[in-house]
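Two chains, two separate frames, one set of hints: put the complex together.
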Amino acid sequence: MSTEKLILYAEDDENDAFLMERAFHKIGITNPLRVVTDGKMAVAYLAGESPFESRSENPLPGLMMLDLSMPGRTGLDVLRWAKARPALSEIPIIVFTSSNQESDIHRSYLLGAAGFVIKPGDPTIYFASSKEFNNIG
Amino acid sequence: MLGQDHRIINSGFHPKQFIRSIWQTIGAGRVWHGEIKNKAKDGTFYCVDTTIVPYLDEEGKPLQYIAIRADITERKRADEQTINALRELNDVKAALDEHAIVAITDPKGKITYVNDKFCAISKYSRTELIGKDHRIINSGHHPKQFIRSIWETINAGRVWKGEIKNKAKDGTFYWVDTTIVPYLGTDGKPSQFIAIRADITDRERADEQTSNALHELNDVKSAIDEHAIVAITDARGKITYVNDKFCAISKYSKDELIGQDHRIINSGYHPKQFIRTIWNTISSGRVWKGEIKNKAKDGGFYWVDTTIVPYLGEDGKPQQYIAIRADITERKEAENALQNAQTELQQHATSLEATVQERTSSLRETIGELEAFSYSVSHDMRAPLRAMQSFSKILGEDCGDQISPKGKEYIKRINSAAARMDSLIQDVLTYSRVSRTDLPLQSVDVGMLLREIIETYPSFQEPSAHVELSGEFSSVMAIPAVLTQCISNLLGNAVKFVPPGEQPNIKVWAEERENGKNLRLFIKDNGLGIEKDAHEAIFGIFQRVSKGYEGTGIGLSIVKKGVERMNGNVGLDSELGKGSTFWLELVKANEH
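The listed protein sequences correspond, in order, to chains A and B. Sequential numbering of the first sequence, starting at 1, is according to the numbering used here. Sequential numbering of the second sequence, starting at 1, is according to the numbering used here.
Isolated chain B, as found in the complex (with noise of 0.2 Å):
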């Protein structure tokens, strides 16, 4: 190598001017120190540290040079991974300083940094923060254990992981995903703790309330469960929970109803359409509610009020069922004995019905039989009376000149005993008749069935009798055959029941009772006039008051019955001696 020129060994990597340079200075007998970078033989480079300095002669120029070198290739190689490694983290750093929130405490927590990200969010301005504890952003939220328990780890030099809880400076909290890795220094103690952050403070605020929201159902089903019957199936009807009220009303322990099929409380009762109407329902999504009869283990049966909500999958199919019940089994007891005492009242009344029926009909025939009976009397009993009335008569018209004037005297008893005795049986006749009316009631006008009475009879008329009708009569709703025979009756007592040889005379009118609904028909005569005693019992039938009268003693039978037919009343106002006023209540008729 000696006697060659210094430039074979020129890596040519330093310039021209590079290489110039070197020569004015150690021509001008200056010292030249750098690095320079040299090609071996084999081609590879190699840096050495070059020191040159220049001996010069008497007149004072270069003579020789010495070169000191040294090899730095390893050293320059290691400052050169150096540089790439920090501008490596340089860009992680910006990287991180855009996306994290990064801050740097010393050993005792005191801020040496923070980027503009923790600045942001913690609304402190940097000035603000440097040099400040730590502690300046702690929101008392986390018990000190957990703080503690921090500060071990990062001080053993492991990195800690996990959420906190901080407070910006306008005392707003903020929730962080933190990792603090402790730097060590060279006596393997923490030198410095990188905090690096992330926000999760909407993460961690909708956890919360998924929290909440949680705790408010664990305390709405803890509520259901004190006070309901509560059941959950998987979709093949499997039990797979039951509560508490569960296991005590169906008398299963838990074990025995877990992992079994619901239908281990099937009671049977129900038919299977309602089963497959409850399955099509709540398979179908929907929710279904109503009463099911279940059967305990002891075989004893309860009636609980169901609803059973489906629960759906992603697939929109249900993956398990709930069922809340309520026990109702008192309530449907009650019910069935309600139910079993209305069938029992139904099965009185349908008894009672038929009772009524056999009743009716019996009476039915009863009446039927009294009919032909009356038939037969009026017809039958009567034609025996009228031979004996008209053989009498006829004895005394055919042999009359055979007779003597008692003969004559006892057929005229004979005569008039008959006729007595065919006016009984036609009063009778009448009173049954008349009991017995199923006419319905219409619309009568009183004052023209009184003229029509007083003319078709002449003991109403002069010179026989003095009948007066005073003022107005309505109408009134009666049975118009009835009415007459009532009227007749009480005129034909008021013309009769005269002393000897005095003229009846007789006043009729009206009055309103009842506030207009009823009319009151008076009939007052100047007769004998009845004892109050008797007022009652003159309506009985065969009651007769008046002895050497003619009479029944039926015509007051057959008015009271008439117009209690009527619906209406009769009665009399009557003193021995002062005359009588008898009077007949009806129910007016509708004005039209």
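Extracted from the complex, chain A is given alone in its bound form (with noise of 0.2 Å):
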């Protein structure tokens, strides 16, 4: 990980958000993580919006993972504003959820969604989908 890009993670559940951070420092992803806790904030760090005004303190992602069931803006309706915009719609988003329904994963990929992880019961499977990131960070 040269260039240590940042990993912007939308998630509302503590649990999961905690769970992810833990995998990342035991399979040694350096790279930094940021959890926003709803779709509305995705947005607002998406566009640097308040209270992420400041593009170096509050980088581009170089990849995102984003739960679809969230309070507010959901996590397709983030998905379906990122891709919708150009100078954001390069960025890899993976979403990450709880719902194996089919036609959450049908409209994911039809947004433009790099991947459709559903969140595993076993942490250690964690440390699986995590690996797969090295090669995107």
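It should be emphasised that the hints constitute simulated quantities derived from the structure, not laboratory data. Keep in mind the model is a prediction, meaning the values are calculated, not measured. Yeah, the Cβ is synthetic: ideal placement off N, Cα and C, and Gly gets one too. Careful, some of the hints might be misleading.
Just some of the chain B residues that point at chain A, by a computed CB distance under 10 Å [to be verified]:
id	residue
1	Q426
2	M477
3	P480
4	T484
Stretch by stretch, here's where chain B covers chain A in the computed footprint (C-beta under 8 Å, at least three residues) [to be verified]:
id	region
5	36 to 43
6	94 to 104
In structure tokens:
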């Protein structure tokens, strides 16, 4: 990880955020992980709006992980919004959700998601999915 | 006059020869008798019946002549008239003979004369007729009273005129227009009868036909009167005739109807356009047929099946209209009742449809809520579970050295309880998804699907299990995802419920059912088997038969629900301790 690009994680569940950070740490991913706790915050971060005006402090991510079920703007809303903006459309976004509904999977890929990962019950699987991220960071 | 030559009264009428012969006769001393036309002094002529007697001397020479004359002028004139009259009569007779059938009888009816036409029409010869009683041509058609009245008339010296039917010699009949003139003798009694006839057989036959036709028409009319409602109106619609049935149905008397406008029975039910169409039709000389609602005197209504026939005058315009009707009130009422029933039914159907729509929309709402609920179950309820699983695992990993073996055992139990709850939630979601799916059925290759499933799950492969596919598997009509779920569940059960330590040995095959319309897929295991009593209950949701085996009790419910959703059936053949054979049957896909 030479460039140490930031990974943005939109997740309202503190447990999931914690487990993700732990998984990163466990397998030695050193990229900074920024967690925003709802869809609205995610959009504000990507758009550089308050409270994320400063791009030096809040750089655009090299990869984004997106929970679908969030209060306010849902993950699919954020995905649609981001993919409609040329400046953001190249950022790979991986949907990371507890939903295994086919409709969610289908719509996510349709909107331009780079991947769809169902949150595992067994945290060791986090490691496996996290490892995939090595190539992206 | 005396001493004058006799010639002075010579009229000049007689030829010289006539005069010379007189002189020769009397000059020879013979008497001359004859008629001489003389000229009087005033120039008029007169005829004298003359006898000239010569008086002779001794030598036998005429001494003098004595002329004895009588004036016969009047007699002579009458004779001339008679001759003229006879000549005229002859002409008349000839003309009559030419055109009429003439016969003369004596007072007793014996034929004394017939002309040629009489012979021709009666087909008798003259000799066959003369001297015969006139009854020889009696047809027997006329009643005795009729014949008697003829005789009475002519015997009283009056002329009789009439039409008589006679019989010819060959038995055929002919009609003659007859005039019988009695000729009276000096005693005032008829001395003979002259009958003059004209052949009217054709006319009479035509009349007879007309009369027959009239009879028939009368019969028809009375038949119609018996069965139909009849009215006649003039060209303007004024009633000129109604029959009894018309009165009966309209409840008006004849007197109340005759002379009235036909609108007296107008019900007001039909639109003006309808009435106008009727008038347009019949006034242009065409027949109109249709059903009309009329109003009776008491305000009641009646329906009539109506035919209006216009009768045209010589100018081609209708002079009168004959309307023949049949009472169809009952039928109409039945129709109306039917109509009402249909309307009511329609209303019921409409309200039912509305109810169905209402229910459907409320059901759809419920389903929507249910879907939102399932989504939240699958998404939100599983999150805390995952947290439980994850943190119990992390607890073991990160703080393992501080936890006693007992504590580690508890952590393991927390973990497996969470895993069990997760699979319960998953199965409930699958069950509801399978029940709700509205995807269309499509042709699915069962053999290919089986191989895919086996390849996907290591637990269906060696060494975990021995699964043998036997024979051919055709295609069935199914939803691929649902059929995959059903077969996976059945295979899953087959490998799961085996006595500890035994390798699951599973045989899968297919057979045709319903004359090749359906395909039944069998999955036979060497497992624990199921008691007969439990065979029905086993497909119910949350039903678990085997203790000590992991399971949610939803797997077979999903199979049953899914197969039924694909218009199929499920079943099993099993005995405790002898393994189970589960089957599912679906409609085969059409081979292309």
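> Against chain A, with CB atoms and a cut of 10 Å, does the hint on P480 (chain B) hold up?
Replying inline: violated (12 Å)
> Against chain A, is Q426 (chain B) within 10 Å by beta-carbon distance?
Replying inline: Hint on Q426 (chain B): holds, closest Cβ of chain A at ~8 Å, below 10 Å.
>> Does T484 (chain B) hold up as a contact with chain A if the rule is Cβ-Cβ below 10 Å?
In response: With Cβ-Cβ at 13 Å, over 10 Å, it is violated.
>> Taking 8 Å as the Cβ threshold, is the statement that the region 36 to 43 of chain A is covered by chain B upheld or broken by the three-residue rule?
In response: That given contact is violated, which follows from only 0 residues of the region 36 to 43 of chain A lying within Cβ reach (below 8 Å) of chain B.
>> Less than 10 Å between beta-carbons is the criterion; does M477 (chain B) satisfy it with respect to chain A?
In response: Check failed: Cβ of M477 (chain B) comes no nearer than 21 Å to chain A, outside 10 Å.
>> Please check whether the region 94 to 104 of chain A has three or more residues whose CB lies within less than 8 Å of a CB on chain B.
In response: holds (count 5)
When the structure is compared with the earlier hints, violations turn up for hints 2, 3, 4, 5 and for no others.
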